[in-house]
Amino acid sequence: MAPAFPIDQTVEAGNLADLFNSLSQALDDFRLADHVPPIPTDQLGRLKDEAQALEDRAHYFTAQAIGATLQSIQSDLANIKTVTAQAKAQVGVLNDVSKVISIATSALSLGTAIAAGNPASVVSAATALAQTLTA
Amino acid sequence: MNLIRAQIPALVVTCLALALVSCTTPDAVSKFCGSAATTLTSAIPIFDDMQASCLREVNSREEFGTFKLPSQSDTNCTAIGTEADGAKAAAQLLSDYFSAINSLASFGTAKAGTDAQNLVTKTGTAVGASSAAQTALGSITQFLVSAATSGYQQRQLEKDLTKVSGNISAVVSALVTIVHDDYIGRQLASEEQKLADRYREFAKDKSPEVKLLLDDKWQADEQTLQAKRASAQSLITALQALSKGFADLAANAHQLKAKGVPGLLGPYVTQLQALIPQIQKAV
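Chains R and U supply the protein sequences, listed in that same order.
When we follow numbering that gives the first Met the number 0, the leftmost residue of the first sequence carries the number 0, and every step to the right adds one.
When we follow numbering that gives the first Met the number 0, the leftmost residue of the second sequence carries the number 0, and every step to the right adds one.
Since the hints were made in silico from the structure, they are not lab data.
Nothing here was measured: the structure is a model prediction, and the numbers come from that model.
There's no promise every hint is true.
Derived list of chain U stretches under chain R, where covered just means 3 residues or more per stretch with a C-beta under 8 Å from a C-beta of chain R [what the hints assert, rightly or not]:
hint, segment
1, 52 to 66
2, 115 to 121
3, 163 to 177
4, 191 to 198
5, 263 to 275
Cβ atoms here follow ideal geometry from the backbone N, Cα and C, with glycine treated the same way.
Chain U with its partners taken away, still in its complex shape (with noise of 0.2 Å):
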């Protein structure tokens, strides 16, 4: 009966500590959210640009060779700037969002319960208990702690996640219309094509040998505009995952310690991670 009394604190140790190791910590969000707002802040020099861009398509309607000043301000593209700073301020929001997830998603609850473990045992050793009653409480005071503030964690996870869910597909789809259609289909296409004709005026009646000079400068300032291009529309894809994962991760929320939620993540942390340096190219 001793012998049984003596490892009781041992069972009951061993069966929190089972119980502790099926839980998993939400680092798979914490992850997603992480990448989630290093995308948004990519997104900030491609909003910055469609000012730019506006402002490339007025100077280049001076002919070449008037070696003219270029202009540094204009009443519509200004108009547009101060537009693009709100798509820039919606970012920042989302971006902010996610990094408040990320904090709570990464907050180490198992620290908590062993800075509570330790407490108890220094408790123990100043009252005199024996080191097994004290290795017993301090385990199950680890125990309590982490569960509980994990709890708290869970918990308010499941409501932050579940509270913006529409709200955060409605800015992301705004963010996307923004960037595809004023920046990319009217900006960049309408600073292309009168960059076009700028150089269509210059070339006329000059010789084959200043055509092909201009053919060489043409191409040049071409592949930058694809490069703006291309950085744009992976913005575009990256947002598009961003939407998509964060739908799955809150249709989730009230089950974040299934195993099956890293993987549900996995694919969009990695697509995210990935493009992230291809918006980052041409801006």
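So here's chain R without its partners, still in its complex pose (with noise of 0.2 Å):
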């Protein structure tokens, strides 16, 4: 039987991330208020111990929590990759209809040079053609 309420994991884990921090800060500041009698060094050293396993434990549900919320989005990230996909391959196409034009701007420059019998100008055309096609 499906829960009456779905439970969001990013907000749960954090809720217990939040928990445990708060444990640790608690027994903290128990540990190092003032006491009368003070509280025996061993005692004090056990305190310290559990503070610190227990903020432990707030960081792997900081973790978790974290990674409820990215796995939250993840549908959204592959529909974006596909789109990035698409526009790159338009920025391509574009630059492929420039690159052309390009290519027999400087072929019929070359022509025309050739045409003319001006060795000087065949140079030049066929230099620019040959970066063209390299570009």
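Assembly of the complex is requested from the two constituent chains, each provided in isolation within its own frame, with the hints serving as guidance.
And the structure:
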């Protein structure tokens, strides 16, 4: 049977992280407060160890909370990735159009130079075409 | 009649040129997307600091004066780092998207037109056409190629902007949650609190002079943490502006040539460009 209220894993993990952090800090506040009589040293050591263990749990659930947040957007990321690839391909199409026109322009200049029989112009036009082709 | 015929090419060119002038290139789109991509790249060091903050907290558990080498790894901090890498990857993916849209928006369709004009003019010379005919043909070709590439550019931009409108918002919202709730609200907050505990513990039963020295050191550490918090807050503000700006852009994707678009996006660009140095400050 499905739960009446769906569990938001990000919220639940976050709440647990906050809970363990609060417990850890409560222990540290108690440990560092003035007590009459003072807390024995061995007990102070144990309180510190327990506070650190609780903080470790808080870190664990923080990692879980981040993971749950990222899990919730996986389909969004997949769609964005697809559209990005399409946009890059579209830029490629525009670049191809430009390149085709540039090649045709360079090739035409070479043809004109050859027909005119001017060696210097032929060399210049051939160089320009080669550069366009390798661009 | 001959005079009118001679003037027709010039009239056609003038009409086409006027039509071209009224088209606005998506320059505003390009500027917005460029700023968005830079904002997202600026987020990377903040996500990197999530694991580092966890390790700083772990290392603050040692008492002052033990001179123990700081721990470089901790199981739970490593887990936080792994998830933070996921957030980095998400930010990078968004940045790639905005960079791709930037490239598409800033493609010089005018240059394609000019190249085409040169081609037609040279062809005209080669076949011995009159100079007036060459000029008219060249201008028409320039317009047609510019319009064709510009039309393609506009159509693709409209598609690429509207297809992911909801997705961009969702991902940015997730990144804001991670920075606000997990980095600022949990990591930095607990690091700050545990650092304060370390100073409190050491200051117990110490002379006033030692306490004053400790207080100076504590203030310096506190300022470092405040700076990190401020950078992260700037990132949150920037991400929210990015999300709103993109929503406005996507809503107007069908009319990117409208004169109102630059005015719509301008404030977001200004805001992002002001926030980027603040994000980069402390981390």
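Which numbered hints are broken by the structure, listed smallest first? 5
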